Amino acid sequence: EAGVAQSPRYKIIEKRQSVAFWCNPISGHATLYWYQQILGQGPKLLIQFQNNGVVDDSQLPKDRFSAERLKGVDSTLKIQPAKLEDSAVYLCASSLDSLGDEQYFGPGTRLTVT
Amino acid sequence: AQKVTQAQTEISVVEKEDVTLDCVYETRDTTYYLFWYKQPPSGELVFLIRRNSFDEQNEISGRYSWNFQKSTSSFNFTITASQVVDSAVYFCALSESYGGSQGNLIFGKGTKLSVKP
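Chains as they are written, first to last, in the working numbering: chain A, 1 to 114; chain B, 1 to 117.
Possibly wrong hints are sitting among the right ones.
Unchecked claim - In silico DSS-like cross-links for lysine-lysine, where the CA-CA straight-line distance does not exceed 30 Å:
1. A:LYS83 / A:LYS62
2. B:LYS109 / B:LYS70
3. A:LYS11 / B:LYS38
4. B:LYS109 / A:LYS62
5. A:LYS62 / B:LYS3
FYI, nobody ran anything at the bench for these hints, they're computed from the structure. None of the values given here were measured: they were computed from a predicted structure.
Go ahead and model the full structure; you've got the sequences and the hints to work with.
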C-alpha cells in the first residue's frame, strides 16, 4: 500500500513570495491533516479535512494560508505572502476516519523563507 | 486546556541500556486517545502505538512497552535493550473528542533519544 505522498520535499523562497505544497493521502482515507513543525517542536495542526469539508481550521493563519481538498482526495496548502517565521516542515497526514484513528504521515516539505 | 508535556528534552544512553521516555497529558475529556510517534533523522513520523482512555492495560511489543496510568495522567514509553537504530525524536500525542477538534493530534515537544554504540 502506498503511503502519503508530498511534494516538493524542499523549497526555498524569499519573504513575500508565494508557495504551494501538495499532498496525496493513502487511498480510502477520509481524513486529511496539514501540520506545521517548527524546528525543535512537535507538529501543530493547521487544518483538518473530512472528505472535502473542513473540520477544523482554527489554527490556520487565514490572512496568508489557504488550503483546499477538491474531490476529497489530494490537497494543496498555499502560503501567500510568506514570512520568515513560516520556515518549517509542513507535514501532511491521513487517517481512515478521525477520532482515535492512527494518522499516517508523509515525508514533509521543508520550507525555508529567506 | 489540553496539553502534552514531555519533560525530557534529550536523553543519551549506551546501547543495551533500558530507557524510559515520560509523557504527561492534560485533558478535560473522558474519551481520548494517546499516541507515540517516532521521528528518525529522515524526518518522517512513524506511528508506534495508540491507547484509548478506557484501556489501561500495559502493552508490550518486542523491545517496546507502554505504561498508561490515568491516575497520574501519564503514558510512558520504555525501550528495553536499546539499539543504535532507536536513535530518534519520540513524540507523545493526545487526541480528544471535545468540541470541534475531533481527531487532530496535540503533540508534546518531543524527546530526542541518542543511543551510542
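- Query: Hint numbers the structure violates, sorted upward?
  - Reply: none
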